[in-house]
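J.: Residue numbers (the numbering used here), protein chains in the order written: chain A, 5 to 228; chain X, 17 to 286; chain L, 607 to 833.
There may be inaccurate statements among the hints.
Cβ pair distances, simulated, as ranges [said to hold, decoys possible]:
#1 Arg-191/A to Gly-275/X: 39 to 45 Å
#2 Gly-41/A to Val-80/X: 38 to 44 Å
#3 Leu-619/L to Ile-75/A: 41 to 47 Å
#4 Leu-653/L to Val-80/X: 23 to 29 Å
#5 Ser-12/A to Leu-50/X: 57 to 63 Å
#6 Leu-672/L to Ile-75/A: 50 to 56 Å
#7 Ser-151/A to Ala-53/X: 38 to 44 Å
#8 Trp-746/L to Leu-21/X: 44 to 50 Å
#9 Lys-613/L to Lys-125/A: 34 to 40 Å
To give an idea of the chain X side of the interface with chain L (calculated C-beta under 7 Å), a few residues [claimed, not checked]:
#10 Gly-72
#11 Gln-261
#12 Ala-263
Where chain X lies over chain A, by a calculated footprint (3+ residues, C-beta under 8 Å) [to be verified]:
#13 52-59
#14 182-189
No wet-lab data here; the hints were simulated from the structure. All C-beta atoms in this analysis are idealised placements derived from N, C-alpha and C, irrespective of residue type, glycine included.
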Amino acid sequence: MIRCEEISKHYGATVALNVLSLHVANGEIVGLLGINGAGKSTLIKLILGFLQPDTGSVTLDTPSVGYMPEIASMPETISPLAFINLALRLRQADNQNAAACLTEIGLNKQAWNKPIRQLSKGMRQRTALAFALAGDSRLLIFDEPMSGLDALGRLHLIDLLSQRHQQGATILICSHIVPDLARLTQRVILMGQGQILEEFKLLQGDSGATERLESGLLTRAANQ
Amino acid sequence: MKNILTIAAFTVRELLGFRVTRTLFAITALLPLLAWAFSQLFMLEIAKVQLDVMVGGAYLLGVVFLLSTVVTLLGKDIGEQVCYFFLPPPIERYSYVLGRFLGSVVVLTLLYTLLLVGVELLIWISLQYDTSIHRHGINWIAGIMIGWTAWYQTISLMGAVFLICAWATGVAEMLVFSSSAAFIYWVFPPILAGMKGRSDADPLVSESLKQSLDGLSWFFPDMTGGSIVLAFEHGISISNIVIMQHALGHLGYTALMLGLAIIIFSKRSL
Amino acid sequence: MASIKEKIIIVVLLISGMLLHVQGKNSGTLQEQDENTLFLTGPSSLLVQQAIAGPCLGLGAESNILSVFSVYWSIKEKNLSEDDQQKAWLYLYRYLQQAQSFDPWYWDTYRLTNGLLAYQESYQSKAVDILAQGAKARSWDWEMPFTAGFLAHDQLKDDVRAFHLMKLAINREGAPPMLVGLAARFLNKTATESDTVDFLRAMKKSLPKGYTQYIDKRIDELLHGGF
Chain A
5 MIRCEEISKH
15 YGATVALNVL
25 SLHVANGEIV
35 GLLGINGAGK
45 STLIKLILGF
55 LQPDTGSVTL
65 DTPSVGYMPE
75 IASMPETISP
85 LAFINLALRL
95 RQADNQNAAA
105 CLTEIGLNKQ
115 AWNKPIRQLS
125 KGMRQRTALA
135 FALAGDSRLL
145 IFDEPMSGLD
155 ALGRLHLIDL
165 LSQRHQQGAT
175 ILICSHIVPD
185 LARLTQRVIL
195 MGQGQILEEF
205 KLLQGDSGAT
215 ERLESGLLTR
225 AANQ
Chain X
17 MKNILTIAAF
27 TVRELLGFRV
37 TRTLFAITAL
47 LPLLAWAFSQ
57 LFMLEIAKVQ
67 LDVMVGGAYL
77 LGVVFLLSTV
87 VTLLGKDIGE
97 QVCYFFLPPP
107 IERYSYVLGR
117 FLGSVVVLTL
127 LYTLLLVGVE
137 LLIWISLQYD
147 TSIHRHGINW
157 IAGIMIGWTA
167 WYQTISLMGA
177 VFLICAWATG
187 VAEMLVFSSS
197 AAFIYWVFPP
207 ILAGMKGRSD
217 ADPLVSESLK
227 QSLDGLSWFF
237 PDMTGGSIVL
247 AFEHGISISN
257 IVIMQHALGH
267 LGYTALMLGL
277 AIIIFSKRSL
Chain L
607 MASIKEKIII
617 VVLLISGMLL
627 HVQGKNSGTL
637 QEQDENTLFL
647 TGPSSLLVQQ
657 AIAGPCLGLG
667 AESNILSVFS
677 VYWSIKEKNL
687 SEDDQQKAWL
697 YLYRYLQQAQ
707 SFDPWYWDTY
717 RLTNGLLAYQ
727 ESYQSKAVDI
737 LAQGAKARSW
747 DWEMPFTAGF
757 LAHDQLKDDV
767 RAFHLMKLAI
777 NREGAPPMLV
787 GLAARFLNKT
797 ATESDTVDFL
807 RAMKKSLPKG
817 YTQYIDKRID
827 ELLHGGF
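Could you build the full structure based on these sequences and the hints that come with them?
T.: Below is the structure:
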């Protein structure tokens with residue numbers, strides 16, 4: 005589904021990604037973990053084509069991608085309903101219903117027709133999530149999807165993403181919240197200084213996953 | 017094509033939701049009153065003065081619309097990364113640029129349609145109540161020409177604004193460069209025409225200066241719409257060829273700007 | 607919330623502003639200056655005006671016409687010195703010229719040229735020049751060249767020029783047949799004072815009351831001072 009071959013990206017003298025290769029197979033659910041500045045967001049932007057790599061190549065094997073950016077600035081004057089309708093039309097999913105997408109993500113019905121600028125942070129986050137999920141894209145990419153969500157919202161999202169995964173979606177998720185990654189993903193990639201430091205394969209119901217990931221983060225990434 | 021139209025329709029909804037857009041519509045609706053009040057300061061060709069105010073209003077509204085609304089939209093899209101929602105596969109970057117442009121054009125057209133209603137209302141009142149001296153040469157075509165020429169010139173400037181925004185980073189930079197472009201487009205063509213007129217009349221002016229002035233004028237759209245409207249206001253007929261040349265010139269300029277904007281935007285980092 | 611110190615500063619600023627404003631309004635010297643001095647700097651160059659007006663050519667002409675009103679008001683209402691009077695007429699002429707450059711078809715420019723400038727000794731020829739150019743631009747209008755011709759005859763005593771302009775008027779579409787006879791009488795010097803006065807009165811009709819004093823003066827000269 006995703007093939008990144010020896011990609012590098014520099015911002016001036018700063019190395020954001022350093023000859024990194026990553027393969028994500030169809031139907032996989034992969035987590036990206038790392039401290040700030042590790043290169044996670046840059047990697048996602050390269051995968052989506054928002055940035056061009058200095059060297060290497062990125063290949064995507066999917067007609068459409070559902071993406072939720074980290075800082076979700078959205079069209080402020082539009083209602084969530086109109087916004088989700090845009091996602092459905094762009095992804096050629098006219099048969100789907102925007103209202104159903106918003107119900108699925110748990111956005112209060114009263115907020116559906118309000119301009120997005122009037123929504124709380126959590127509601128905006130839910131709207132952005134609904135935008136990514138709308139249209140049943142085969143590849144879903146999330147950059148910090150849990151920030152701004154309350155505990156219930158996080159559990160609901162994990163549940164929702166697990167469902168999508170079971171339906172065959174490939175998911176790449178970048179998060180600082182280790183227990184969520186441990187619960188949701190099959191593989192976590194620990195990044196630091198633009199490189200893959202370590203890969204963790206997680207099994208379903210792996211009770212020690214969180215500890216392993218946290219200790220990996222502390223020992224490998226914090227030393228960078 | 018479907019994606020372009022989808023983004024365009026969304027852009028229309030988005031722009032119409034801006035408070036500044038609604039304010040511009042309100043000002044446009046009130047402009048005929050301002051034109052009427054201003055014309056009372058003059059003596060004879062009152063209806064022509066009213067139309068002149070509407071012409072000024074059309075050009076100024078166009079510039080304000082671009083700077084306050086279109087630049088804000090693109091600034092938020094690119095500077096605050098709202099475009100991340102539009103641009104993941106399968107959306108091509110050119111679809112995004114063309115959709116945003118088309119949507120902005122539709123809102124501008126709505127604004128000018130409202131203006132045109134005001135212009136035609138003023139013309140109708142003049143034809144009903146003014147003496148022939150006060151409304152010499154005025155007819156409904158003059159009103160159409162006001163909307164037509166101002167629309168073309170603003171679209172050209174919009175093309176340039178899209179080019180600037182495709183390259184600049186952040187609202188502040190976009191606003192500064194777009195304002196500069198609007199200023200230059202407003203100020204330079206008449207100066208160039210004036211300088212060229214003088215150099216043509218003066219045999220001592222070197223051929224290279226004349227060529228430089230000619231060359232420089234290629235960077236600007238044809239801003240002679242004001243002369244065309246003025247002629248129509250006085251009932252002077254302008255050949256259809258000149259009007260079509262004016263329209264095609266602007267369409268060509270806009271296409272050029274937009275083509276460059278797409279090339280730059282397709283290559284830039286977001 | 608502002609501190610007490612800030613509030614005191616704001617109040618002091620407000621009071622001093624009010625005092626300065628009242629002082630300025632009641633200043634005798636300023637008032638006298640305003641009555642007797644020409645507070646006008648004259649028109650900026652045409653190129654600068656064109657740059658400011660951009661595509662709004664009509665408004666460019668109208669802004670110059672508003673300046674003509676303002677200069678004429680100064681001439682009429684203020685006790686200007688001789689120097690300032692001369693300066694004011696020069697400005698008025700330039701504003702009219704620039705209004706014509708912006709919009710060569712605009713009738714208000716020519717009515718003001720005809721009503722105001724044409725009766726100032728040093729500007730009679732210039733007024734006829736402006737009107738003659740206007741006659742060229744307003745190709746549908748017989749009145750403009752005839753008026754220019756009349757002024758060339760009456761003020762400049764240049765009957766060659768008057769002949770060309772009146773001939774242009776007579777050949778224009780819609781020119782009344784009596785124009786031929788009137789032009790012939792003017793140019794053969796067989797016109798009576800009443801012909802001239804009638805023509806001046808006809809011209810006066812299209813000017814507002816405040817702008818007819820120079821035509822009135824000319825009529826008065828003709829009626830009481832001879833042809």
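J.: Give a verdict on every hint.
T.: Evaluated hints:
1. Arg-191/A to Gly-275/X: 39 to 45 Å: holds, 44 Å
2. Gly-41/A to Val-80/X: 38 to 44 Å: holds, 41 Å
3. Leu-619/L to Ile-75/A: 41 to 47 Å: holds, 42 Å
4. Leu-653/L to Val-80/X: 23 to 29 Å: With Cβ atoms ~25 Å apart, the hint holds.
5. Ser-12/A to Leu-50/X: 57 to 63 Å: Taking Cβ atoms as reference, Ser-12/A and Leu-50/X lie about 60 Å apart, which means the hint holds.
6. Leu-672/L to Ile-75/A: 50 to 56 Å: holds, 52 Å
7. Ser-151/A to Ala-53/X: 38 to 44 Å: Roughly 55 Å apart at Cβ, these two residues miss the hinted range, so it is violated.
8. Trp-746/L to Leu-21/X: 44 to 50 Å: holds, 48 Å
9. Lys-613/L to Lys-125/A: 34 to 40 Å: holds, 37 Å
10. Gly-72: holds, 4 Å
11. Gln-261: violated, 17 Å
12. Ala-263: violated, 15 Å
13. 52-59: Our answer is that it holds, as 5 residues pass the Cβ test (under 8 Å) against chain X, meeting three.
14. 182-189: violated (count 0)
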